[in-house]
Structure formats: structure tokens, C-alpha cells
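In order, the protein sequences belong to chains A and B.
Position one of the first sequence corresponds to residue 1 (this note's numbering), numbered consecutively onward.
Position one of the second sequence corresponds to residue 1 (this note's numbering), numbered consecutively onward.
Each hint should be verified, as a subset may be incorrect.
To be verified - Calculated pairs, DSSO-like style, for lysine-lysine (alpha carbon to alpha carbon, straight line, at most 30 Å): (1) A:K80 / B:K49; (2) B:K49 / A:K60; (3) A:K80 / B:K37; (4) A:K45 / A:K60; (5) B:K104 / A:K53; (6) B:K49 / A:K53; (7) B:K49 / B:K37; (8) B:K41 / A:K80; (9) A:K45 / B:K104.
Said to hold, decoys possible - For each label pair, taking beta carbons as the anchor points, the in silico distance ranges come out as: (10) B:N58 / A:L38: 39 to 47 Å; (11) A:K45 / B:P20: 35 to 43 Å; (12) B:S2 / A:E29: 43 to 51 Å; (13) B:E5 / A:L38: 37 to 45 Å.
What the hints assert, rightly or not - Sample of chain A residues with no beta-carbon within 12 Å of chain B, all distances over it, derived: (14) E29; (15) T32; (16) E35; (17) Q36; (18) V39; (19) C41; (20) K45; (21) S62.
Keep in mind the hints are simulated off the structure, nothing from the lab.
Note that the Cβ used here is the ideal one computed from N, Cα and C, for glycine as well.
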Amino acid sequence: MSNEASMDITCQELVELVTDYSEGALSHEDRTRFEQHLVMCGGCKEYLREMRKTIAISRKLSDEDLPANVRDDLLALFRKWKAGSLR
Amino acid sequence: MSLVERHHRAMVRLAGAYVPSAVAEEVAQEAWIGVVKGLHKFEGRSSLKAWIFRILINCAQFRGLREARAVPFSALECDAQDRAVPEERFLDAEHPRWPGHWAKYPEPWSDQRLISNETLAMVANAMEGLPLTQREVMRLRDVEGWTSAEVCEALEISEANQRVLLHRARSKVRRAIEPYMSGGEAP
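For reference, chain B alone in the conformation it holds in the complex (with noise of 0.2 Å):
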């Protein structure tokens, strides 16, 4: 049963990025069937661990709504959204003491709202809001703790578009707290 408790609330999250959460549950227990049945053909070429999330990920795709596991292309490219800070806040590459400084300092955060549920909730809604393979990788990194390399397993991609997905979606969440957590109002 342990196998079950360590994994499955992470099975459910990750399905949830699939399908609507409403069946992330069913699908997580659906999976957990797949694993049951296919055990006698887990040949220990991956960890268990990666084996139980790709049967998961396979039954999350099979309920339809999306594509296949291969980070699309377009998935990798920047653009002006993907900056982890926005640019207008260094002095312009022209600027002839300081090109590509701080213009002003970010300002520290509060160490009160570091604990609140409050933070806890504008976390949770700013990961919902990132794209996929973004929000994948970051839960399973920073939410569930893998390493990268379990990671990489699991989702089927290179340690560099696991590195390129991690640091778009943590700066992206860096910067949906920022504001609250340097002394703003609460949305």
C-alpha cells in the first residue's frame, strides 16, 4: 500500500493536467488497473516509479484532449512572454554605465506571506495557468520533489528541454507572486 500512498495524490495532480480535475482522479485509478495488470511485464529498464507515471501519462492521453509526449517545437522557442523578467526593467543595452542592469532593485519579500495560504493559493493558480509541458515539469520537480533525471524519464525528454521547461515555469511563477510577495494587495 505504501507504493500507493507515496504516488497517487502526484498521480492525480499530474493528471490533472491532462484532464479536467473532475476525472484526474479516475484516471489516476485507472492507471493504477494498467500498473496492476502490466506488472509481470515491468522489466526494470526504468524505475518503477517512471513506469507507474507513463502508464498514468498514457491513460491521461488516451482520455483524449492531448497530443502526444513530444515537447512540440514551438514549446522551446522564446518569446517576450518567456523572459523571466520583463525587460523593461533594466536600463535599455544602450545605457552607458550599466547595459542590461537593474534599473531598481527587486524589492525583498515578505517573510510573513512566505507561510501564508494565501502565497500557497497564488502558487498553485499561477502553475495552473502555465503551459503544459511547463506545468508538468514543474510539478514533478518542485511540487513532488523528483529528480531531474527521473524527469526526463518519465516525460520522455533531454535534460536541456527539461532545464528550458523548469526555469520558464519557475520564473513565470516567480513573477505572478512578486508583486503580493514584495508588499502588494492580494488580488
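Isolated chain A (complex conformation) (with noise of 0.2 Å):
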């Protein structure tokens, strides 16, 4: 790891990297090499763009809310608790 070039990392490498960088896994010098790629290419910032988008769709599934009759199973069960004749 002398010669400088040796040190950047690739962009068949960042897109490994990724997720260690947004959990902030990545030690300081690989931060900051990552973000110095990023700031260069084009394609990876589009690739980091991406992968965000897609933990921003997913996040979505869970839009649902509970229907009635879950709802309505679940307090029975809660009330039949409190009344003692779970236990």
C-alpha cells in the first residue's frame, strides 16, 4: 500500500461498501476514501442515489393499517387476559 493509487478504492469495490458506510461501519481513512471516490464519479454517486431510493420504496410496504376484524379478535383476547382465563 505505498504508491497512492493503491489506496483508492474502486467502484466495483464502493458499491460493497455501502451499506458499512451508512451504518458508519467504515473506519475513518475508509471514509473518507469513499467520500473522495464519491466526489469524483458520477456513477457511484448515482449508485448511492439508488440504493437510498430503495430503502425509501421499501419503507413503504408497511403503510397498512390493522384491519377491523384483527383489531377486534386481538381486544377479545386482551379482555378474556384481564378476565383471568389465559393463565
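With the hints as a guide, bring both chains together as one complex.
Pasting the structure below:
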């Protein structure tokens, strides 16, 4: 790792580091290299954006309300429990 | 009731990773019975949420169908299938100037498709196709919005394992929707 070029990360390496990066798990040096690469590379910048968009889309999968029948079943369950018949 | 409202859908979704979706609802209800019966034994050593989900996972596993919780070693090994981006998208290691760099940059994604129901269905579908442990981690982190600490606690895995699983899962889902998001036809 003596010459400067070998210290750089490639695009192929960067795509495997995006999660460690976003989770704050990279060492200080690796984080710096990662960010330096991003500044120079439109392809990786786009890639990181796409990963973030993927996460944002998956977040929308949780937007469901509790169906009324489930809610009623569970309420009945808790009532039974309170009345002591579940012990 | 708010506790139930907060967690029930997420429990059904997670149970769906272990049992057919037709019984996932039932497993979640069983788990709630376990919760109310065991509440007096809850010692506060973990968060209530993690404790509830441990009970859910136990119920789901008891319904059979899946092995013990530990992440099998093979789940953490890497093969070509687990690459975030296929090798051929990059210039090869022998390239005189740009080894390992994009052969062609990824195409920007359509903003319109970002919010379409079709895209949502494709993401749901891609997640269904993930190996169990990857699916669990991505559901809890990205769909349910849990912190990594909460996921590690509920699934009893290390932070490092959690990151590997999350990375594989997210990368595969991105790969699955990429052709469509960058302008291709819906499959």
C-alpha cells in the first residue's frame, strides 16, 4: 500500500461498502476514501442514490392499517386475559 | 391497544418469513397470547419490542418449517450471486487505466416510477425472493424502521452479521428493480 493509487477504492469495491458507509461502520480512513471517490465519480454517486431510493421505497411497504377484524379478535383476547381466563 | 396496533402488522409480516402467509396472521395472534401470558415474566432486560418479537419468532419456528435462529455460516459466505452488482458491469482488473471502474454508469432512475404502485409491488416481490435471514433483517430495518441495535437484539445476531445480511438484501432488491427504474418495461 505504498503508492497512492493502491489506496484508492474502485467502483466495484465501493458498491460493496455502501451499507457499511451508511451504517457508520467504516474506519475513518475508509470513510474518507469512500467520500473522495464519490466526489470524483458520477456513477457511484448515482449508485448510492439508487440504494437510498430502494430503502425509501421499501419503507412504504409498512403503510397498512390493522384490519378491523384482527383488532376485534385481539381486543377480545386482552379482555379474556384481563378476566383471568388465559392463565 | 396501541402496543398491538404498533406491532401487529409487522409481526404478521415477519411471521410470513417462516410460515405460509395464510397462517402468519394466526401465528401473530398466538404470539400475542404468549405475550399476555408471559408479561409478568418480562424482566426488562431487553426492550419490550425485542421481547415481543422473540416470542413471535419462537411461535413461528414452533409452527415448524424452519431451523433454529442462528445464522448458518453459509448465509454469510459470499458467492457471485451475492455481489451487489454483476462483475460484467465493471472494467476488468487488467484494464490499463480504470480497473474496477464502471464500464458504463448506472442510468438515473425515473422519479415518476419511484412512487408508482408497480414499483412497490416489485420491491415486495424482490424481498419475498430473498433468503430468510436477509429478508428478516431488511423487513425490520427498512420496512419497519427499526434501529440496528433493535434488530440485533430481536434476531440475536451480531452487528457485523446484521450489516452483511442487510447489505446483501438491499443490494439484491436494488438490482431487481434497476432495469425497470431506469426506463425498462415492467416484467
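Results of checking the hints against the structure:
1. Restraint check: the Cα-Cα separation between K80 (chain A) and K49 (chain B) comes to about 22 Å, which is no more than 30 Å; the hinted pair holds.
2. Straight-line distance between C-alpha atoms of K49 (chain B) and K60 (chain A) comes to about 21 Å, which keeps the hinted pair within the 30 Å bound.
3. The suggested pairing of K80 (chain A) with K37 (chain B) holds, with an alpha-carbon distance near 11 Å, which does not exceed 30 Å.
4. At most 30 Å may separate the alpha-carbon atoms for a hinted pair to count; K45 (chain A) and K60 (chain A) meet this at roughly 24 Å.
5. With a CA separation close to 20 Å, the supplied pair K104 (chain B) and K53 (chain A) stays within the 30 Å bound.
6. Pair hint K49 (chain B) plus K53 (chain A) holds up; C-alpha atoms about 27 Å apart against a cutoff of 30 Å.
7. Using a Cα cut-off of 30 Å, the hinted pair K49 (chain B) and K37 (chain B) holds, with the two alpha carbons roughly 16 Å apart.
8. Taking the CA atoms of K41 (chain B) and K80 (chain A), the gap is about 19 Å. The hint holds against a cut of 30 Å.
9. A threshold of 30 Å between alpha carbons decides the hint, and for K45 (chain A) with K104 (chain B) the separation of about 13 Å falls inside it, so the pair holds.
10. Between N58 (chain B) and L38 (chain A) the Cβ separation comes to about 43 Å, which falls inside the hinted range of 39 to 47 Å.
11. Range check, K45 (chain A) to P20 (chain B): Cβ separation about 42 Å, and the 35 to 43 Å hint holds.
12. Look at S2 (chain B) against E29 (chain A): about 45 Å separates their beta carbons, and that is inside 43 to 51 Å.
13. Checked against the hint of 37 to 45 Å, the pair E5 (chain B) and L38 (chain A) passes, with Cβ atoms roughly 41 Å apart.
14. The Cβ of E29 (chain A) sits about 18 Å from the closest Cβ of chain B, beyond the 12 Å cut-off, so the non-interface label holds.
15. The claim that T32 (chain A) is not at the interface with chain B holds, since no C-beta of that chain comes within 12 Å of its own (minimum 19 Å).
16. The claim that E35 (chain A) lies off the interface holds: its Cβ sits roughly 17 Å from the closest Cβ of chain B, which is beyond the 12 Å cut-off.
17. Separation of Q36 (chain A) from chain B is adequate, the least Cβ-Cβ distance of about 14 Å exceeding the 12 Å criterion.
18. The Cβ of V39 (chain A) sits about 15 Å from the closest Cβ of chain B, beyond the 12 Å cut-off, so the non-interface label holds.
19. The Cβ of C41 (chain A) sits about 8 Å from the closest Cβ of chain B, inside the 12 Å cut-off, so the non-interface label is violated.
20. Chain B draws K45 (chain A) into its interface by the beta-carbon criterion, the shortest separation being 9 Å against a cut-off of 12 Å.
21. Not every beta carbon of chain B lies more than 12 Å from that of S62 (chain A), the smallest distance being close to 5 Å; the non-interface claim is violated.
Hints 19, 20 and 21 from the earlier list are contradicted by this structure; the remaining hints agree with it.
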